[in-house]
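*Asks:* Taken in order, the sequence shown gives residues 1 to 577; the numbers are from this note's numbering.
Source of the hints: derived by calculation from the structure; they are not laboratory data.
The C-beta atom is built at its ideal place from N, Cα and C for all residues, glycine as well.
There could be a bad hint or two in this list.
Claimed, not checked - Taking lysine-lysine pairs in the DSSO-like style, the calculated list, with each CA pair at most 27 Å apart, reads:
1) 301 <-> 291
2) 125 <-> 320
3) 323 <-> 268
4) 154 <-> 121
5) 294 <-> 320
6) 315 <-> 154
7) 362 <-> 301
8) 224 <-> 372
9) 121 <-> 229
10) 154 <-> 442
11) 323 <-> 257
12) 224 <-> 125
13) 121 <-> 148
14) 268 <-> 320
15) 411 <-> 148
Claimed, not checked - Distance ranges between label pairs, derived from CB positions:
16) 299 <-> 209: 22 to 28 Å
17) 443 <-> 412: 33 to 39 Å
18) 359 <-> 76: 51 to 57 Å
19) 78 <-> 359: 46 to 52 Å
20) 62 <-> 110: 15 to 21 Å
21) 59 <-> 323: 22 to 28 Å
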Amino acid sequence: MKFRYLLPTLAIITQPVMAKNIIYPIDRATIMTGAKFDFKIEFDEIINPAQASILINGKKFNTVLSSDNQVEFIANEEGKNASALWLRNVSLKQAGDYQVQVSVNGKQSTVNWSAYNTPNKAQAKNVILIIGDGLSIAHRTGARILSKGITEGKANGRLAMDDLPYMGLIGTSSTDSIATDSANTMSAYMTGHKSAVNALGVYASRSNDNFNHPKQEPLGQLIKRLTKKSVGIVSDAEVQDATPAAVVANTRRRSEKAAITEMLFNAKPDVLLGGGSAYFLPQHMAGSKRKDDKDFITAFKNSGYRVISNASQLKQIDGKNTKKLLGLFHTGNLNTVLDRRFLNNGNTAKFPDQPDLTEMTKTALDVLSQNKDGFFLMVESALIDKASHSLDWERAMASTIMMDQTLAVAKDFAAKNPDTLIIVTGDHTHGISIIGTVDDNKAGDLREKIGVYQDAKWPNYEDKNNDGYPDDWNVSKRLAVFFAAYPDYYETYRPKLDGQFSPTTKDAQGNYIANDKYKNTAGAVLRAGNLPRGADSGVHSVDDMVVQAIGPGAENIRGYMENSDLFKIIVDALAIK
Numbered sequence: 001m002k003f004r005y006l007l008p009t010l011a012i013i014t015q016p017v018m019a020k021n022i023i024y025p026i027d028r029a030t031i032m033t034g035a036k037f038d039f040k041i042e043f044d045e046i047i048n049p050a051q052a053s054i055l056i057n058g059k060k061f062n063t064v065l066s067s068d069n070q071v072e073f074i075a076n077e078e079g080k081n082a083s084a085l086w087l088r089n090v091s092l093k094q095a096g097d098y099q100v101q102v103s104v105n106g107k108q109s110t111v112n113w114s115a116y117n118t119p120n121k122a123q124a125k126n127v128i129l130i131i132g133d134g135l136s137i138a139h140r141t142g143a144r145i146l147s148k149g150i151t152e153g154k155a156n157g158r159l160a161m162d163d164l165p166y167m168g169l170i171g172t173s174s175t176d177s178i179a180t181d182s183a184n185t186m187s188a189y190m191t192g193h194k195s196a197v198n199a200l201g202v203y204a205s206r207s208n209d210n211f212n213h214p215k216q217e218p219l220g221q222l223i224k225r226l227t228k229k230s231v232g233i234v235s236d237a238e239v240q241d242a243t244p245a246a247v248v249a250n251t252r253r254r255s256e257k258a259a260i261t262e263m264l265f266n267a268k269p270d271v272l273l274g275g276g277s278a279y280f281l282p283q284h285m286a287g288s289k290r291k292d293d294k295d296f297i298t299a300f301k302n303s304g305y306r307v308i309s310n311a312s313q314l315k316q317i318d319g320k321n322t323k324k325l326l327g328l329f330h331t332g333n334l335n336t337v338l339d340r341r342f343l344n345n346g347n348t349a350k351f352p353d354q355p356d357l358t359e360m361t362k363t364a365l366d367v368l369s370q371n372k373d374g375f376f377l378m379v380e381s382a383l384i385d386k387a388s389h390s391l392d393w394e395r396a397m398a399s400t401i402m403m404d405q406t407l408a409v410a411k412d413f414a415a416k417n418p419d420t421l422i423i424v425t426g427d428h429t430h431g432i433s434i435i436g437t438v439d440d441n442k443a444g445d446l447r448e449k450i451g452v453y454q455d456a457k458w459p460n461y462e463d464k465n466n467d468g469y470p471d472d473w474n475v476s477k478r479l480a481v482f483f484a485a486y487p488d489y490y491e492t493y494r495p496k497l498d499g500q501f502s503p504t505t506k507d508a509q510g511n512y513i514a515n516d517k518y519k520n521t522a523g524a525v526l527r528a529g530n531l532p533r534g535a536d537s538g539v540h541s542v543d544d545m546v547v548q549a550i551g552p553g554a555e556n557i558r559g560y561m562e563n564s565d566l567f568k569i570i571v572d573a574l575a576i577k
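Given the sequences, and given the hints that come with them, work out the whole structure.
*Replies:* Below is the structure:
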């Protein structure tokens, strides 16, 4: 039995106390007919396969599951004194409800799946999915105040996301925890299956090998296999980071960035723009993080891609004459828009010519829209999350403004191409809130300068050049923004203009403590953390995620949904078969 790629779903055993044999896909999985996945049973003891009865809707499982592979039985899986059975790269042909029953040695496990057909006729030709990594309500509110201003309680303008007509709430929890990360949340969008923290396109089974877990078929692979549509991935993070990787990747650990680079090459998205060139370079080249001599820059070039490395080259791209585009603008994550466009702090010295997310998106649309069959484009504003982890709200909200301006680019495209569905959401939230203002003109220490309720009044940011960003981030009356979950750190109540905030450092015992770098900042206050002492930064929240949409198929965004439901909305809109 050879391991293949693909599409399992949510697994929670119906009777967890009595049933110890685990079935993948898990209970309540929703599965698109024709999509690929791996079927696996993990027995809790060493068995003879003749002892096991494995039925789907009362029939032998391998007569219901369509696969070109043979059943693989492992008597003693990885020395765990337990057996396993695999059937890889399977699919369901018929829509309907499926009950999987496994009986062995008097123990029975049961899971239920629901399979669905996509429509025969597509509503949309194109789908643009815009992800604000870590996007929370406070990020949206702060972006609006900073970008548009507010007078006598009313916003002076609206964000591009404010006028999207359809809205819902998304649950973000994973199969192994109420709290989650970007890997399995984005993977749920891309496969229709929930999974575990750190997992991309797989169920987290008991296998030791990160690449030998029950696979789910990500949307990027599915589109390439079943359609003639193009696929684009754009991010201001490393393209191997969890959110962009989820479009095509299958691995238990999101940290497998060298392998994810190879998965990106194998999937061959038509447009791939972002950071992470360190994993494309062979180990002997400066800046490489690979441990082998594979050269994926050359591999992409040899596969017909135009390869670029800075914003100036991006501006020269003619979409009509470019069919495949790889743009890598940093060895790691790109710098934040605050550092790139507004602060002369030296942070961009190594890569002084990085593009904006708006520019990458416009070029991606120019290239992808040449395909008469349409496209799927995922755009991520990644640094909302990364700045929020470091309790650096100004950088996070600047990235939110940039994300919103990117949405405006997408809306302009959709206005000319009304067969385009746009979905805007995040993968998870952060515990962040705006509680008032910080006023330098108030008497007392910085804590006494915080205004709440009627004492908050209004911040005094201005945007005289109308670029959508404050002209000055360090005004005398600023937003008072705080995080709900944090390690020990020094609260400075001011923007970190010299570089992204690093709230902690390690002591001699390896514990995280407040970073003394900020101790002598005027008025800085030591804030005792409320997270475990092993936490070095802020964490994600379990709050629901807002999702919005416009265009054909957008009416299906409504009410409460699981993050895995978003996959169905996309494949239904495109009628992928």
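*Asks:* When the structure is checked against the list of hints, which entries are broken? Sort them ascending.
*Replies:* 4, 5, 6, 13, 17 and 21
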